[in-house]
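> As a plain string of letters, each chain reads:
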Amino acid sequence: GAGVSQSPSNKVTEKGKDVELRCDPISGHTALYWYRQRLGQGLEFLIYFQGNSAPDKSGLPSDRFSAERTGESVSTLTIQRTQQEDSAVYLCASSLGAGVAEKLFFGSGTQLSVL
Amino acid sequence: QKEVEQNSGPLSVPEGAIASLNCTYSDRGSQSFFWYRQYSGKSPELIMSIYSNGDKEDGRFTAQLNKASQYVSLLIRDSQPSDSATYLCAVNDGYALNFGKGTSLLVTP
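Residue numbers (the numbering used here), protein chains in the order written: chain A, 496 to 610; chain B, -14 to 94.
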């Protein structure tokens, strides 16, 4: 596609419910990243996928968070038993490769509100 | 903990002036440096990348890198009100990017 696509753009959920966020990277981009941005804060790295390699999960804040990606296509970020502190914008980015010089291109994000 | 530090601002400059945004980082092994612009309520947009010491110019934007001093800066010449946004400095941490909290820039007409 022309850009990184994320859905839904907004999600309101009740505390304790599970949510699933979707990211469709730019066609041909092999690397995919999830970041979280709380209101007024910087971007917090969550997880990184590169092709069929094992993902780098070092940024996931707790075991309630998980993500999957099949090959070089769509990724889903799942948050189980949501808490109010999970409220944030969840940003997905993709890059052409996995080198240290790669430029990340971001989607428009999913605004998650946990009531 | 690898840090990327930015002054949160706001930095206010008059229209037509030069805006200077600074960033320091803690990891001496970092190799790639980026500046992103983020308008309120929008996602980050890549403006500049720089990998070698010195200056890199692109239109009204100049990125400067000094690896010995571990700082990277962004100069915006002839600042416009449309440049008002938060500017995020990002430094590679392995294959991911580590972002600063951003500097808010306000360009006043």
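Please note that a few of the clues may not be correct.
What the hints assert, rightly or not - With the Cβ distance kept under 7 Å, some of the chain B side facing chain A (calculated, not the full set): (1) Gly(-6); (2) Pro(-5); (3) Leu(-4); (4) Tyr24; (5) Gly26; (6) Ser28; (7) Phe46; (8) Ser67; (9) Ala81; (10) Leu82; (11) Lys86.
Claimed, not checked - Sample of chain B residues at the chain A side, in silico, Cβ under 7 Å: (12) Pro29; (13) Ile32; (14) Ser34; (15) Gly85.
FYI, nobody ran anything at the bench for these hints, they're computed from the structure. In this text, a Cβ means the ideal position worked out from N, Cα and C, and glycines have one as well.
> Give a verdict on every hint.
Structure-based check of each hint:
no.: 1; hint: Gly(-6); in the structure: violated (12 Å)
no.: 2; hint: Pro(-5); in the structure: violated (13 Å)
no.: 3; hint: Leu(-4); in the structure: violated (16 Å)
no.: 4; hint: Tyr24; in the structure: violated (11 Å)
no.: 5; hint: Gly26; in the structure: violated (9 Å)
no.: 6; hint: Ser28; in the structure: holds (4 Å)
no.: 7; hint: Phe46; in the structure: violated (15 Å)
no.: 8; hint: Ser67; in the structure: violated (19 Å)
no.: 9; hint: Ala81; in the structure: holds (5 Å)
no.: 10; hint: Leu82; in the structure: holds (6 Å)
no.: 11; hint: Lys86; in the structure: holds (4 Å)
no.: 12; hint: Pro29; in the structure: holds (5 Å)
no.: 13; hint: Ile32; in the structure: violated (11 Å)
no.: 14; hint: Ser34; in the structure: holds (6 Å)
no.: 15; hint: Gly85; in the structure: holds (6 Å)
The structure fails to meet hints 1, 2, 3, 4, 5, 7, 8 and 13 from the earlier list, while all remaining hints are met.
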